[in-house]
Amino acid sequence: MTKLLPMNRRSFLQTTAVGAAALGLSPSLFSATAAAQTALTVGFIYVGPKDDYGYNQAHAEGAAVIKAMAGVTVVEEENVPETVDVQKTMESMINLDGATLVFPTSFGYFDPHMLAMAEKYPDVQFRHCGGLWQEGKNPMNTGSYFGYIGQGQYLNGITAGYASKSKKIGFVAAKPIPQVLQNINSFLLGARSVDPAITCQVIFTGEWSLAVKEAEATNALIDQGADVITCHVDSPKVVVETAAGRGAFVCGYHANQSPLAPEKYLTGAEWAWGNVYTDFVKKAQAGEKLGNFVRGGLKDGFVKMSPLGPAVSAEARTKFDTTLAEMMKGTFSVFKGPIKDNKGGDAVTASQVLAEDAIELESMAYLVEGVVGSTS
Amino acid sequence: MEGIGIWGVPLAIFAGAIRVSTPFIFVSLGESITERSGRINLGLEGTLVFGAMTAYAIAVMSGSPWLGVLAAMATGAIFGLIHGFICKFPKVNDIAIGIAMMQFGLGLAFFLGKPFIQPVAPRLPSIPLGGWSDIPQVQSALNINVLFVIGGLLAVALWWAFKNTRLGLILRVVGDSSDAARAMGLNPDTVRLFATAVGGSLAAVGGAYLSLYYPGSWNEGISSGQGLMAVALVIFARWNPIGCFLAALLFGGAGALGPALQSVGVTQGYYLFYAAPYVLTLAILVATSSPSRSLAGAPGALSITK
Chain A
1 MTKLLPMNRR SFLQTTAVGA AALGLSPSLF SATAAAQTAL TVGFIYVGPK
51 DDYGYNQAHA EGAAVIKAMA GVTVVEEENV PETVDVQKTM ESMINLDGAT
101 LVFPTSFGYF DPHMLAMAEK YPDVQFRHCG GLWQEGKNPM NTGSYFGYIG
151 QGQYLNGITA GYASKSKKIG FVAAKPIPQV LQNINSFLLG ARSVDPAITC
201 QVIFTGEWSL AVKEAEATNA LIDQGADVIT CHVDSPKVVV ETAAGRGAFV
251 CGYHANQSPL APEKYLTGAE WAWGNVYTDF VKKAQAGEKL GNFVRGGLKD
301 GFVKMSPLGP AVSAEARTKF DTTLAEMMKG TFSVFKGPIK DNKGGDAVTA
351 SQVLAEDAIE LESMAYLVEG VVGSTS
Chain B
1 MEGIGIWGVP LAIFAGAIRV STPFIFVSLG ESITERSGRI NLGLEGTLVF
51 GAMTAYAIAV MSGSPWLGVL AAMATGAIFG LIHGFICKFP KVNDIAIGIA
101 MMQFGLGLAF FLGKPFIQPV APRLPSIPLG GWSDIPQVQS ALNINVLFVI
151 GGLLAVALWW AFKNTRLGLI LRVVGDSSDA ARAMGLNPDT VRLFATAVGG
201 SLAAVGGAYL SLYYPGSWNE GISSGQGLMA VALVIFARWN PIGCFLAALL
251 FGGAGALGPA LQSVGVTQGY YLFYAAPYVL TLAILVATSS PSRSLAGAPG
301 ALSITK
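Chains as they are written, first to last, in this note's numbering: chain A, 1 to 376; chain B, 1 to 306.
Hints are computed from structural coordinates only; laboratory data are not their basis. As the structure is a prediction and not an experimental result, all values here were calculated from the model. Ideal Cβ positions, reconstructed from N, Cα and C, are used throughout, including at glycine. One or more hints might be untrue.
Just a sample of chain A residues kept apart from chain B, beta carbon distances all over 12 Å, derived [said to hold, decoys possible]:
| id | residue |
| --- | --- |
| 1 | A116 |
| 2 | S209 |
| 3 | V239 |
List time: in silico DSS-like cross-link candidates among lysine-lysine, alpha-carbon distance up to 27 Å [unchecked claim]:
| id | chain 1 | residue 1 | chain 2 | residue 2 |
| --- | --- | --- | --- | --- |
| 4 | A | K67 | A | K336 |
| 5 | A | K175 | A | K282 |
| 6 | A | K336 | A | K175 |
| 7 | B | K88 | A | K67 |
| 8 | A | K282 | A | K299 |
| 9 | B | K114 | A | K88 |
Quick look at which bits of chain B chain A covers, simulated, 3 or more residues with Cβ under 8 Å [claimed, not checked]:
| id | segment |
| --- | --- |
| 10 | 210-220 |
| 11 | 269-277 |
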């Protein structure tokens with residue numbers, strides 16, 4: 001797009017864009033009817049294709065929700081690497097499109113890229129998906145939002161626990177970071193709430209998106225007897241199709257993948273970013289201060305579950321529904337002690353009951369007992 | 001299904017060699033033809049990805065995966081022709097053009113491939129050769145794709161043709177000495193043009209395998225550099241088609257090591273296992289290198305050996 005423009009031209013464009021934005025912001029000049037909503041341009045940046053059946057699609061579906069709101073213009077760019085490229089994308093969204101609220105949605109965009117842009121453009125609001133923002137350390141025009149999707153993986157685990165005959169379930173994971181580890185642990189704990197003998201084999205691929213390796217990992221898990229597979233990679237499409245092709249059941253992640261494997265899809269933990277973005281945009285339009293640290297789970301509408309598939313038994317459905325109801329009340333805890341880690345140490349002590357927003361969960365560095373795998 | 005424990009590792013390496021190697025086989029066979037004629041086409045990564053996109057798109061629209069493969073071959077040939085045509089002008093560097101063509105192919109594939117990320121295409125068929133075994137894992141590992149078989153046969157045919165046919169001789173003469181070729185009344189540029197076109201169309205078949213069989217989906221991250229690695233494999237295989245086939249198998253098998261070891265509980269240091277194919281390549285290159293002679297089998301007119 002505008003990536004090749006040199007800096008001096010950019011600063012020239014900046015001044016002209018500000019002028020243009022000022023004109024655009026006084027609707028009375030052009031139209032007397034559009035005064036109800038403040039015009040707002042919102043930028044979305046994705047690390048991959050926005051229709052990947054995964055992480056990026058979940059965000060793009062959220063962007064599509066706010067696109068329908070009055071007075072909102074959405075600008076999007078896909079396949080932006082977590083390099084200086086994302087800074088250029090942000091600059092062009094701000095200078096050329098007049099974006100005043102930017103959502104860089106990928107984990108690696110935060111530091112140093114978004115922080116550098118936030119310093120350069122103090123009037124623009126930046127909200128990053130992933131939850132790295134710290135008060136006092138990061139600028140106030142930045143912030144982070146994230147959802148507690150672990151409970152969704154726990155519910156995945158419940159359906160997996162009922163569906164598994166081999167009592168072995170599998171997880172294809174990208175990198176051993178706390179959010180991924182929490183999903184793996186939640187998936188197994190959900191399955192173990194059905195049958196404490198179940199184990200979960202995990203394979204780390206080392207990258208967020210590596211189609212061939214994800215397919216190999218899925219095959220390796222099934223070769224070792226796993227009969228329900230889920231994953232935490234950017235695009236679960238390959239894992240879902242490969243697992244279903246081998247006859248294993250699958251639980252989805254990020255977005256709804258049931259069209260890819262209608263018979264084998266049990267359920268899935270999905271993001272509901274539409275609600276989150278709507279809230280941000282409403283606040284921005286009303287001139288209110290945007291949250292710097294925004295979190296929520298199933299009960300807050302940040303996360304939702306895919307409709308249960310045809311292979312889910314009536315028994316599983318009942319337990320799924322009662323657990324979901326408890327989660328919606330906010331009284332449910334996945335990490336309730338005592339829980340041992342898979343090296344024999346104490347992960348959660350007997351007296352500890354960690355709520356889904358417990359800060360300890362955000363630095364999780366262990367795999368619980370019953371998970372076969374290692375964090376390094 | 002019962003787990004098969006530690007036997008999973010050799011099985012995964014074997015199955016991985018068959019599943020993962022096919023794109024490497026086709027790209028490296030194609031590149032061996034091009035390089036034997038005295039040109040390097042580094043753009044095959046772009047051709048591979050564009051082939052993957054074309055095959056997927058045509059398969060979605062027509063319902064026939066084979067039509068997709070044919071369409072991919074056609075586009076691959078066009079990419080090769082463009083490369084070959086530009087390179088015939090004096091003072092044009094084939095490596096630079098290759099890199100430009102790679103970026104062009106990637107960009108065009110991403111642009112045109114946008115509407116085909118969501119739809120599901122019909123897959124290429126495989127031949128179930130594992131019926132003799134009761135073990136489902138073995139049956140699955142022996143589901144061999146037709147393209148893999150074609151790749152193997154093609155490797156042998158090319159090896160024979162380079163040595164024993166007039167066409168093979170023409171290719172080798174042009175690749176070894178443009179002057180000798182001209183003295184024989186051959187036009188090196190024409191030979192290289194067609195050699196690059198054939199190379200491109202084979203590389204596109206490798207892409208079709210990625211999108212239509214394994215992993216069997218089109219998106220912008222479908223290739224993890226197979227097209228580039230395969231170009232290196234040709235040098236590793238000393239421009240010998242059978243060597244290309246074996247090197248591709250080795251690469252595929254080594255790539256399966258990482259996930260397989262984790263699945264049997266060897267979970268420490270998986271990043272190291274993922275580097276196995278590259279470490280292996282380095283080790284073999286070092287072991288077979290010699291300080292006293294140049295690469296055996298290298299075409300004399302190749303720009304890297306000039």
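Three-residue Cβ test at 8 Å for the coverage of the segment 210-220 of chain B by chain A: holds (count 7)
Distance restraint between K336(A) and K175(A), which requires alpha-carbon spacing of 27 Å or less: Roughly 25 Å separates the two Cα atoms, so the pair holds.
Restraint check for K282(A) with K299(A), where alpha carbons must lie at most 27 Å apart: holds (20 Å)
Given coverage of the segment 269-277 of chain B by chain A, tested with a Cβ cutoff of 8 Å and a minimum of 3 residues: n = 4 at 8 Å, threshold three: holds.
No chain B beta carbon within 12 Å of S209(A)'s: violated (4 Å)
Given as non-interface: A116(A), which should sit over 12 Å from chain B by C-beta: Given that every Cβ of chain B is farther than 12 Å from that of A116(A), nearest at about 26 Å, it holds.
Straight-line alpha-carbon gap K88(B) to K67(A), limit 27 Å: Violated, because 51 Å separates the two Cα atoms, which is more than 27 Å.
Restraint check for K67(A) with K336(A), where alpha carbons must lie at most 27 Å apart: violated (41 Å)
V239(A) remote from chain B - nearest C-beta pair above 12 Å: violated (9 Å)
Given pair status - K282(A), K175(A), alpha carbons within 27 Å: violated (35 Å)
Restraint check for K114(B) with K88(A), where alpha carbons must lie at most 27 Å apart: Distance ~23 Å between K114(B) and K88(A) Cα, so the pair holds.
When the structure is compared with the earlier hints, violations turn up for hints 2, 3, 4, 5 and 7 and for no others.
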